[in-house]
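Chemist: Read top to bottom, the protein sequences are chains A and B.
Counting from 0, one number per residue, gives the positions in the first sequence under numbering that gives the first Met the number 0.
Counting from 0, one number per residue, gives the positions in the second sequence under numbering that gives the first Met the number 0.
The set of hints was computed from the structure by calculation and includes no laboratory data.
Treat the hints with care, as some may be off.
Where chain B lies over chain A, by a calculated footprint (3+ residues, C-beta under 8 Å) [stated by the list, open to error]: (1) 37 to 44; (2) 53 to 61; (3) 175 to 183; (4) 205 to 212.
Quick look at which bits of chain A chain B covers, simulated, 3 or more residues with Cβ under 8 Å [said to hold, decoys possible]: (5) 68 to 76; (6) 84 to 95; (7) 156 to 170; (8) 221 to 231; (9) 302 to 316.
By construction, the Cβ of each residue, glycine as well, lies at the ideal position given by its N, Cα and C atoms.
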Amino acid sequence: MRKIFYLLFFSLLTITLINIPSIDRVEASTTNQVIRFSNIGGGTGSEPYLYNSTTVEGLNVNGKTLVKLTDIANILGATIYINPYNPSEWDLKRNGQTLGFFVGDTFYYYISNYYIIDPASQSNDYYSIYFNGYTDVATQTINGTKYVRLTTAANQIGALLVSWNSTSQEARVFDWRVNGTTPLNDNNKYVVGGPWLPDWSSESSTHLSDHFVIGEFTDHSSSSVNPSYYSQLKMSVNQLQSIENVRYYYNNNSSFTPTSGFRSWYKNAHTSGSWDKSFHMRGRAWDAGEDWLYDKVYDEFSGSSSKPIYSDGGFWRTRVTNGLSQGYEIERMEGKSSKWLHLQRTPGYDEARLGP
Amino acid sequence: MGKVITMKLTKKIFILFLLSTIIIGGSIVLSLPITAQKNTDDPSNIINKYLEVMTTGNFEKDMAFFANVPVGMKPYITQTYSLPLEEAEKKGLVQKGKVDYVSILNEQRDFVISLFGEDAWLNTEYSLEKVNSPEVKEQWIEKSTKKIISEETGLSKLKNYWDKISEKEGINPEELFSHSKLASGKITNEKALKLKKIKDKYQDNEPVELQLVPFYELYKVNLTFNGADTAETGESNFYFYISNKHDKWSMFDGLHWNIPFEEPTGDI
Numbered sequence: 000m001r002k003i004f005y006l007l008f009f010s011l012l013t014i015t016l017i018n019i020p021s022i023d024r025v026e027a028s029t030t031n032q033v034i035r036f037s038n039i040g041g042g043t044g045s046e047p048y049l050y051n052s053t054t055v056e057g058l059n060v061n062g063k064t065l066v067k068l069t070d071i072a073n074i075l076g077a078t079i080y081i082n083p084y085n086p087s088e089w090d091l092k093r094n095g096q097t098l099g100f101f102v103g104d105t106f107y108y109y110i111s112n113y114y115i116i117d118p119a120s121q122s123n124d125y126y127s128i129y130f131n132g133y134t135d136v137a138t139q140t141i142n143g144t145k146y147v148r149l150t151t152a153a154n155q156i157g158a159l160l161v162s163w164n165s166t167s168q169e170a171r172v173f174d175w176r177v178n179g180t181t182p183l184n185d186n187n188k189y190v191v192g193g194p195w196l197p198d199w200s201s202e203s204s205t206h207l208s209d210h211f212v213i214g215e216f217t218d219h220s221s222s223s224v225n226p227s228y229y230s231q232l233k234m235s236v237n238q239l240q241s242i243e244n245v246r247y248y249y250n251n252n253s254s255f256t257p258t259s260g261f262r263s264w265y266k267n268a269h270t271s272g273s274w275d276k277s278f279h280m281r282g283r284a285w286d287a288g289e290d291w292l293y294d295k296v297y298d299e300f301s302g303s304s305s306k307p308i309y310s311d312g313g314f315w316r317t318r319v320t321n322g323l324s325q326g327y328e329i330e331r332m333e334g335k336s337s338k339w340l341h342l343q344r345t346p347g348y349d350e351a352r353l354g355p
Numbered sequence: 000m001g002k003v004i005t006m007k008l009t010k011k012i013f014i015l016f017l018l019s020t021i022i023i024g025g026s027i028v029l030s031l032p033i034t035a036q037k038n039t040d041d042p043s044n045i046i047n048k049y050l051e052v053m054t055t056g057n058f059e060k061d062m063a064f065f066a067n068v069p070v071g072m073k074p075y076i077t078q079t080y081s082l083p084l085e086e087a088e089k090k091g092l093v094q095k096g097k098v099d100y101v102s103i104l105n106e107q108r109d110f111v112i113s114l115f116g117e118d119a120w121l122n123t124e125y126s127l128e129k130v131n132s133p134e135v136k137e138q139w140i141e142k143s144t145k146k147i148i149s150e151e152t153g154l155s156k157l158k159n160y161w162d163k164i165s166e167k168e169g170i171n172p173e174e175l176f177s178h179s180k181l182a183s184g185k186i187t188n189e190k191a192l193k194l195k196k197i198k199d200k201y202q203d204n205e206p207v208e209l210q211l212v213p214f215y216e217l218y219k220v221n222l223t224f225n226g227a228d229t230a231e232t233g234e235s236n237f238y239f240y241i242s243n244k245h246d247k248w249s250m251f252d253g254l255h256w257n258i259p260f261e262e263p264t265g266d267i
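With these hints in hand, go ahead and build the complete structure from the sequences.
Modeler: What follows is the structure in structure tokens.
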């Protein structure tokens, strides 16, 4: 009799415990952390204004912020790929780039594969830009959920800035593809890097195309002013193709150096006359200082007319399709004492006022 | 003697019964409100409560309503303090402060009044826009059947696919997924180029894919004040978010809006 009642009691106790809502059990040193993802709303402050932002719940593990792999992929328009030959490898893929993390390891690697059409031979030159490094917190599974280091993942997949806002106590990721909870499309392929990569400075001579190297497109800030983003890079492969074309067709196949490629948020905010949503911060513009390059591309854009198309935002838009430069917009230079070529490709200003 | 044993046993049974009742009863009581709110809770309740709180401005009294919810935008953005996250972490600044909810909510309230008039919060209308939740879960799908499969099955099918491709192309499949240190720049190595081309050729036809699917409901609550969604100074699209992430409808993110867009004159 007594045995039956003990059995009944422990059965009821077990059922009750099962039915109590499960409580996530996390390590003692772990706390929740709001992570806000936002598009770039402009401004010149220590971070951009918020625009179409959304939040997720991340974790603070021993003072370092981690984000769910699923959340960062979902909001930044990336996909997740698990290596079938090594399921402990979790890849984030976006815009032609692969960023690979390994469970229980701080190691990560980055690859951007693309090709450039050699204007001289019209053959495809294949490029593979590879970096690897170590995060300060291992990639890990917590309560069955995949977590990666927020700064490494966001910076290296191509976000503009990852900041800490003390007023709202939020970690913030600013990226051109953020659009609330449904990311904007961007068909460009990019190459991304920055001072968070080991030996980044020694990568400056690595060729991104036949005649241009990483150092010619990186942010030109001083490391003392901007220690986290001073040599940041994000450049679209289309822009690399255009600069090779302009060099070959309009500069007699001779060398020239771009005066501006990618600009970090901080550099752009301190560049007098810059637009606070500049295409330089999107990796979709480069400048070259020579007057004649501007004039030649202007003539190409004009086609059979006297001028290119007058576009909003201070740009001239091309009248021709398949022009040799493959450019779409250049900055208007009327009234300026000296000219320079600022070249953008599609999507242009009207299509991407606030997008990638 | 027999009577004493029976009494002791009856007492034990009674205690056990009492304990079981307390545990089960407590469990039921704890779970009841969640179940009830899940079935009967209406998103409009939480929206009306938000509007009421913003109208009265008694934020200290209603602080529980905003507990653990991102507070939304601060109207005077130049007064917010920010630095790169990694620098903040190195300096030990992360999670060391507190959000001044009352101050920011007051600023938001006053900001709307300054743009739309004294009675702006009294004359507010809203529309609901259902959006995907920002937080998602993984789901493996067999592309041909659209059937949901387990991660184990997905990875197995993926491996079989690349094993067959590798056999057909005469390569070692693991080389396709190698992450060993590669030289950056133009690919001049014939084998590396071949592997890259094989991967490009076949990867779009993989039989399975890992999808990301929302797992709770989220509504963007779009607001108009005195019938206007845009202020004369250009601020527009005022909204906040509510969700049922925690099994009942609650605030998800505070008030946001778009700051005025200024056309550039160029892009130096």
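Chemist: All hints, please: hold or fail.
Modeler: Here is what the structure says about each hint:
1. 37 to 44: Three-residue rule met by the region 37 to 44 of chain A, so holds; n is 4.
2. 53 to 61: That given contact holds, which follows from 5 residues of the region 53 to 61 of chain A lying within Cβ reach (below 8 Å) of chain B.
3. 175 to 183: Holds, because 3 residues of the region 175 to 183 of chain A bring their Cβ atoms closer than 8 Å to Cβ atoms of chain B.
4. 205 to 212: With 3 residues close enough to chain B, the hint holds.
5. 68 to 76: The restraint on the region 68 to 76 of chain A holds, since 5 of its residues have a Cβ under 8 Å from chain B and three suffice.
6. 84 to 95: Since 4 is at least three, the answer is holds.
7. 156 to 170: holds (count 11)
8. 221 to 231: holds (count 3)
9. 302 to 316: That given contact holds, which follows from 4 residues of the region 302 to 316 of chain A lying within Cβ reach (below 8 Å) of chain B.
Checked against the numbered hints given earlier, this structure breaks none of them.
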